[in-house]
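Undergrad: Now for the letters of each chain:
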Amino acid sequence: MIEILSVTGPASVQDLGRFDQYRFGVGTSGAMDDVALRAGNILLGNDENAAGIEIPMLPFKLRFDRNMAFALTGADVEAEISGRVIPPWWRSRARTGDVLTIKAMPRGARLYLTVGGGIDVPMVLGSRSTQFRGEFGGWHGRPLQVGDILPCAASTATIGELGVEPAEITLARPNTAADETIVRVVIAGEYDGFDAATQALFWSSSWKITPQSNRYGYRLQGPAVKPKAPIEKRSHGIVPGVIQIPPNGQPIIQMRDAQTSGGYPKIATVIGADLWRVGQARLGSRLRFEQTAYTDALAAEAEMSAYLDRLRTNVRLVEETRICRSS
Amino acid sequence: MTTPDRPRISLLGTSALLFEAPGAFDLPHQRRIWALAATASKWPDIREAIPGITNMMLTFETPPRELDALIAALNDGWDAAEGLAIGGREIRLPVTYGGEIGSSLQSVADHCGLSADDVVSIHAAPLYTVFALGSHPGYCYLGGMDPRITMPRRQTPLQRSAGGSVSIGGSQTGVSASPGPSGWHAIGHTSWTFFDSSWPTPAALTPGDTIRFVIERVIR
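Same order as they appear, the protein sequences are chains A and B. Every position in the first sequence, counted from 1, becomes a number in my numbering once 1322 is added. Every position in the second sequence, counted from 1, becomes a number in my numbering once 3 is added.
Among these hints, one or two may not hold up.
Said to hold, decoys possible - Chain B is faced by these chain A residues, among others (derived, beta-carbon under 7 angstroms):
| hint | residue |
| --- | --- |
| 1 | I1504 |
| 2 | V1508 |
| 3 | L1523 |
| 4 | P1569 |
| 5 | Q1581 |
No wet-lab data here; the hints were simulated from the structure. Beta carbons: idealized from backbone N, C-alpha and C, even for Gly.
Could you build the full structure based on these sequences and the hints that come with them?
TA: What follows is the structure in C-alpha cells.
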C-alpha cells in the first residue's frame, strides 16, 4: 500500500484508458502521456496497462507501507526518498516506511509514479482509469487526496536500480525550439471549410497554451482561425487529439477526458504518436502543428512501438545479466 | 466524397473515422445509421461503431493500412442499409424550465423571437427519440425538436454546466447526465439518473428509446 501525504492539483490513478465504451458516452480517460506510463511499467516488469499515478502539480509526497519497487517517468523531476535523490526515468526500491518527496518538475507537465504490480484499484468498464465526469474508476472516481491509502498488487520481480533515456530524447523531433512543441496532425473533416490563407495561418502560428487547459482539452490562443462560412455540425463522435475550432477561432485540442462527441468544425487531429507530447507541454508554452499523411502517422506509431520494444528488450537483458552475475 | 447526396467520410487521426450520411436530420436517416452501425460493429479490426446524429464514428482496434476498402464497404453498407426500427421504451421526464440552471431560456426566446413560455411549450410538445448516446457518460442526443427553437452553439464553450441541464445546441436538444463543460444553452433542468457504472448496461437509455418532457415548473 502507499499513503498520500501531500498532493497539489488533480493527481489521479490512470492506466492506458477505457477504449470500448463510446456507445455509452464514456470517453477514454487514461494517461495523458501514455509513453511514460508504458515505460514505467516496462521498467518494473508490469503489464504495460497497469495503473499508475499521474501527477500534474507539485509538491507531492507519499509513504510506502511495504517494500516495493517503483519508477518515476514522464516529466523531468527533482525527487528524493529517505534522503536519496531519484533521477527521472528511473526505477528504484522503497522500504517499508520510506517517504518519497517529489519537489519539482523542471521540464514537462506530468509525472508518472508506477509501482511493481501496479496500483490495484478495481477495473470499472474495462479500465482502472479515473473517469472524472462519470465519477467512477481510479480511486473512487476522484482526484487523490491527503490520507488516501492505495492498494498495490503483489509483484514478484526482484529489481535493482535502473534508468533509461527519456522518451523526449529518444523520440525527439527535429527543429524543436525551446518552449515550443511541434506535433504532427492529420487534417480532419472541415479542413477544406477554411480558405488557403487561414489554413496557412493555422500551420504557421505558434499557439500559446492557455491556463484553461487540462485533461479535458487544451485551449489555445493565437490569431483567429475562422472558416469561410460558419459551420454548425450535427453532433458526431470525436477522439482525443481532435482539434476543434469554435466560433471564436481559437483551437481546442481534445484530450483524454474530452467529451466523446462534438459539433464544432474539426480542422485536424493530433496523431496518436504525438499526443503524449501535448500532454507534456506546459501551460504558457507554445505548440506548432505540422501536417502529416495518414500513412506517415502510422509509421510514427510504429516508431513509437519500436522504442518501447527496445526498452522492453533492454530491461530484460539487464535482468538476465544480473542473474548471470549473481549465480 | 463531397457530392451532396453521397456520404462524407473523414479521418479522426489514426484511431477513428467519421461517416456522415447525406440528407435530413430525421428518424428515417437515423434508422439507417443504426442499421449501418449494427453491421459495421462486426467488421474485423473495428472496436466500436458509434451512432451520432445521422453520422457514425468507427474506432479501430488496429488502424487499417489501406482505407479504400473500408470506405467502399461503408458506402455500400449505407446504400444497403434498411431502416432499423428500434421499438424502445418511453420515459416521462419532469423538467423545471428557466431558473438558475436554465438561465439561457430568455436568450433562446430572444434569439428565436418568441416568449419564454412559447419556448417551453414548443420544447415540451414533441415525443423525442433518443438518436444517439455521446458527449459524456449516459448523455442522450434527442431527435424531434421543433426547428423554431434552434439556436447556434455558444461562441466559446462554458467551462462548467450543471448536471441535469436541459439544453439546446443548434437544432438539437438533450439533457446532461453530469456536470461538465458545454457549448449548449441550458433552458431548464431535471433530476434523473442516466448512468451508473455498476449497472449491467451502464446507460439508462439506448438509441430508439423515447422521452416526453413534462413541464413541472417554469421559473421566469
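Undergrad: For each hint, tell me whether it holds in the structure or not.
TA: Each hint, compared with the structure:
1. The interface hint given for I1504 of chain A is violated, since its Cβ lies 16 angstroms from the closest Cβ of chain B, which is over the 7 angstroms cut-off.
2. Against a cut-off of 7 angstroms between C-beta atoms, the interface hint on V1508 of chain A holds, since the closest Cβ of chain B lies about 5 angstroms away.
3. Nearest Cβ of chain B to the Cβ of L1523 of chain A: about 19 angstroms, over the 7 angstroms cut. The hint is violated.
4. Interface hint status for P1569 of chain A: upheld, as the beta-carbon distance to the closest one in chain B is roughly 5 angstroms, under 7 angstroms.
5. Contact between Q1581 of chain A and chain B, as hinted, is supported at the beta carbon level, the nearest pair being about 5 angstroms apart and thus within 7 angstroms.
Hint violations for this structure: numbers 1 and 3, all remaining hints satisfied.
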